[in-house]
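A.B. asks: Sequence:
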Amino acid sequence: MNMAAEIACDPFGSRRIDTGSIALNVRETGNGPLMLFFHGITSNSAVFTPLMARLSDRFTTVAVDQRGHGLSD
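The working numbering numbers the first residue of the sequence shown as 16 and each following residue consecutively.
In short, the hints are calculated from the structure, not lab data.
Think of the CB as a built atom: it goes at the ideal place given N, C-alpha and C, for glycine as much as any other residue.
Hints are not guaranteed to be accurate.
Stated by the list, open to error - Pairwise CB distance ranges (calculated):
id: 1; residue 1: D72; residue 2: G35; range: 26 to 36 Å
id: 2; residue 1: G35; residue 2: R73; range: 27 to 37 Å
id: 3; residue 1: R31; residue 2: I56; range: 33 to 43 Å
Using the sequences plus the hints, can you model the full thing?
C.D. replies: Here you go:
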């Protein structure tokens with residue numbers, strides 16, 4: 016699946032943040048205090064989808080695809 020198609024079917028807002036040397040993909044949803052999620056090696060931000068869905072009514076949840084994982088450079 017290409018990146019545009021993967022972002023289009025993402026149930027959360029997915030966007031890329033250009034840091035100047037690489038672009039990181041982040042997924043975000045919800046409203047409230049910020050809660051950040053960082054995955055481990057060989058994973059990506061999608062592992063947090065169920066947790067983000069459950070917490071989005073109380074928190075702004077943001078999951079980052081670490082460098083070299085998921086849709087990040």
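A.B. asks: Against this structure, judge whether each hint is valid.
C.D. replies: Hints, verified against the model:
1. Taking the beta carbon of each, D72 and G35 are about 35 Å apart, inside 26 to 36 Å as hinted.
2. Taking the beta carbon of each, G35 and R73 are about 33 Å apart, inside 27 to 37 Å as hinted.
3. Our hint of 33 to 43 Å for R31 and I56 is violated, since their Cβ atoms are close to 21 Å apart.
Of the hints listed earlier, the one the structure fails to meet is number 3.
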